[in-house]
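With chain G fixed as given, assemble chain P with the ligands onto it according to the hints.
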Amino acid sequence: MHEMSIVSALVEQVRAFVPVDATLLSVRIEVGALEHLDDDVLRSLFGLLTEGTPLAGAGLAVERVPLRVRCAACGTEHAPPDPAALFCPSCGVARPEILAGSGVTLSSIEVDVPEGGE
Amino acid sequence: MKIPLVEKVGKQNDEIAALNRVDLRAAGVRCLNLMGSPGCGKTLLLEKTLEALRGELSIGVITGDLTTTRDAERIARHTKAVVQINTGGGCHLEAHQVRQGIGKLDLPSLDLLVIENVGNLICPVGFDLGQDVKVGMFSVPEGEDKPAKHPQLLLQAGLLLLSKVDLMPHVPFRLDVFLADLAAIRGDLPVLALSATTGQGLGAWLAWLRAFAAGPAI
Ligand SMILES: Nc1nc2c(ncn2[C@@H]2O[C@H](COP(=O)(O)OP(=O)(O)OP(=O)(O)O)[C@@H](O)[C@H]2O)c(=O)[nH]1
Ligand SMILES: [Mg+2]
Ligand SMILES: [Zn+2]
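In the order they appear, the protein sequences are chains G and P. For reference, each letter of the first sequence is one residue, going 17 to 134 in the numbering used here. For reference, each letter of the second sequence is one residue, going 117 to 334 in the numbering used here.
Chain P with its partners taken away, still in its complex shape:
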């Protein structure tokens, strides 16, 4: 006997993500899910961001990594509101892990929660965590072909960061190709080019974050 069904595989994750979203909204916290390759510069950008917005925005960070607590140690130099999630072998964060992380944070004291996903351009994309926006990050040394190779991430993102632009003079990177490929997938996706080491482009990123944090907690 054949039983026809229409059920999204992974709906358990979506249900928990919905609970996260409810809790975050009730506490007035805006939530961003940052996704990019291993080493594209997620943690360093967060460190610089926490420094720049100190005293202005209260930012919590949940950082996902396979095994180490190194990212959380780096973030902890800038804020107490940090939770490290070790995924063991897991190549992405799931909503239940973020739910545990949220439980360890004092949500009402936060304006913004940034989730640094496990460094990976593929696996994190399909897992809703309860965020208000997904932000993708590609770094210059990864090459200009990343948009063309990762349409799924771009289709879900509300913002794309191109990091490590200070390396442009040192590595072959064709910005025109990067932008043309991106325009062929998402002509409407805002892109911010920045460098966490030199500070180039950080102003625009901070302005984006301020506007995002001030956005509706629906």
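Isolated chain G, as found in the complex:
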């Protein structure tokens, strides 16, 4: 249940990007295939942690990023469908360096900025 840590960090990071006076509409994150994170838990925690703050009401979209690795033995890049079967299709050994599919990335926010105003 480290979703709480992830979402607290996310909310803090998002806040820094929202222009003053703008309304946050939505947030998009990319979650690596290797992460054990539950999308529903992430979304409900995001709602909970933004409630009563200027970020309240914004939705959280969660996109999964497939695993992509480079073989440290021969350099071949491949996208293993099963994270527990990482043999290189070219040379047969499993010595993967992760290129994508690990960690959580804030990939975009959508904001509504009021017109004119001055």
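Among the hints, erroneous ones may be present.
Estimated spans, in silico, between C-beta atoms of each pair [unchecked claim]: (1) P:I119 / G:S24: 17 to 23 Å; (2) P:E167 / G:R31: 48 to 54 Å; (3) G:P97 / P:G274: 23 to 29 Å.
Quick caveat, the hints were computed from the structure, so don't treat them as lab data. Ideal Cβ placement from N, Cα and C applies to all residues, glycine included.
Positioned in the frame of chain G, the structure of chain P with the ligands alone reads:
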């Protein structure tokens, strides 16, 4: 208006971990982050290790637990350089907690800092603490399927310990499956099988630790 971003969530943690790393390296301390399930034998192995290396290596321990100070009390029987971090409900240690722990230790007097993470195979994995190496621990009674179920830990580890091998005769555990599954994820990951209760395999572990402690403080 859509604002495209590319920012790692949790970069605050990584920034603090980087500070920990700088302090540890400046003091010439090598740091190991030990991760495994609740009860896999982390604390007992550390107790045996502290005894075996007494007078040879100066080892500090930061031990993370949800609420109790029991692990620190056990470790304190073997060294004064121990800090207990209670995470409250937290299922893993974060870099800021280790930073506080480091502040309570006399770093220049240490050769090695071992961080015993909260017993958990999933949550600690993604949180950099400033360590030089992550060491994973699976114990025999957990079953041979742990590598296949926890590739993320193996992908980040520099060493895997298989603990409680004294229990092999008593619980069904297919070592061939364990090793084959591991080879399908990380063919290059060194594995040490050991028992903290009988002492089997401890020599190889101590040799690994000595070599690690002597390694470059870059
Ligand atoms: N048979 C056997 N039992 C062991 C071994 N190592 C630890 N134990 C027992 O396993 C239990 C848990 O050991 P700990 O060292 O407390 O495990 P831990 O990983 O530190 O546990 P948490 O910190 O609670 O996650 C204790 O009863 C130990 O005596 C071993 O090598 N063989
Ligand atoms: Mg313990
Ligand atoms: Zn290859």
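Going down the list of hints, with the structure as the test:
no.	hint	in the structure
1	P:I119 / G:S24: 17 to 23 Å	holds (21 Å)
2	P:E167 / G:R31: 48 to 54 Å	holds (49 Å)
3	G:P97 / P:G274: 23 to 29 Å	holds (27 Å)
Going down the numbered hints, you'll see the structure goes against none, and every one checks out.
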